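Here's the letter readout for the chains.
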Amino acid sequence: MESRALLHCFDVRYIVQTLAAAVVLIGLALFGKGFADGSASRVAIGVAETVVFAFIVAGTLLPIRRLDEMYQRIHLIAIAGAFGVFGVAVTGVAFLAKAGVHVPPLGQWMWLFMVVAWGVGVLVVSRRYQ
Amino acid sequence: MKNRVRELRSDRGWSQGELGQRLEVSRQTVNAIETEKYDPSLPLAFRIARLFGKRIEDVFHPDGR
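Same order as they appear, the protein sequences are chains Y and R.
Under this note's numbering, the residue at position 115 of the first sequence is numbered 115, and the numbers go up by one with no gaps.
Under this note's numbering, the residue at position 29 of the second sequence is numbered 29, and the numbers go up by one with no gaps.
Be aware that one or more of the hints could be misleading.
[Said to hold, decoys possible] Here are some, though not all, of the chain Y residues that point toward chain R, as calculated from beta-carbon distances under 7 Å:
#	residue
1	Asp37
2	Glu69
3	Met70
4	Tyr129
Derived by calculation from the structure, the hints in this document are not laboratory data.
Model, not experiment: these values are computed from the prediction.
Cβ atoms here follow ideal geometry from the backbone N, Cα and C, with glycine treated the same way.
Can you build the whole structure from these sequences, using the hints too?
See below:
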């Protein structure tokens, strides 16, 4: 199976809008550095960053609707697998942190890790239908 | 689940891509159905049967007969 076809819902438009949102996100992050942590302005910028990030997440998930039913099934299984793997990983890290192991804050990178796990899942699951 | 999709498609001289276009699914999905690696949903199975002018049980055989 051509993995390119499986991912064709992520077209140029998706890439452009995601890059634009990423630029806005970086701009907000840089702008937010000018305010004291905990100040109303800094919190407002944090909320704005969350809204922009939600736009990126929605823009990543919604194009799957344009795929046919078998491709949707492959993505669904891959997302479920990534969800499970990630749930175990995050909970494991939380247990280690509770046990006194120093864990760096990875919250902002979670989505990237999940997307990578999802992509690997798509490659693995699609082999079943080749 | 067994099916006669490849046989019916070949009878009409259609490629997998052509059949995919008529069903609005990808060529890879047609191939996976023909090789019986993917069982289509009930709506898609009905669309396939209707396209070939058959009843659904004439195209798909749950018990392999």
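Against the structure, the hints:
1. A least Cβ separation of about 50 Å between Y:Asp37 and chain R goes past the 7 Å threshold, and the interface hint is therefore violated.
2. For Y:Glu69, the shortest C-beta to C-beta distance to chain R is roughly 5 Å, which falls under 7 Å, so the interface hint holds.
3. Using the Cβ-Cβ criterion of 7 Å, the hint placing Y:Met70 at the interface with chain R is satisfied: the shortest such distance is roughly 4 Å.
4. Against a cut-off of 7 Å between C-beta atoms, the interface hint on Y:Tyr129 holds, since the closest Cβ of chain R lies about 4 Å away.
Checked against the numbered hints listed earlier, the structure breaks hint 1 alone; every other hint is satisfied.
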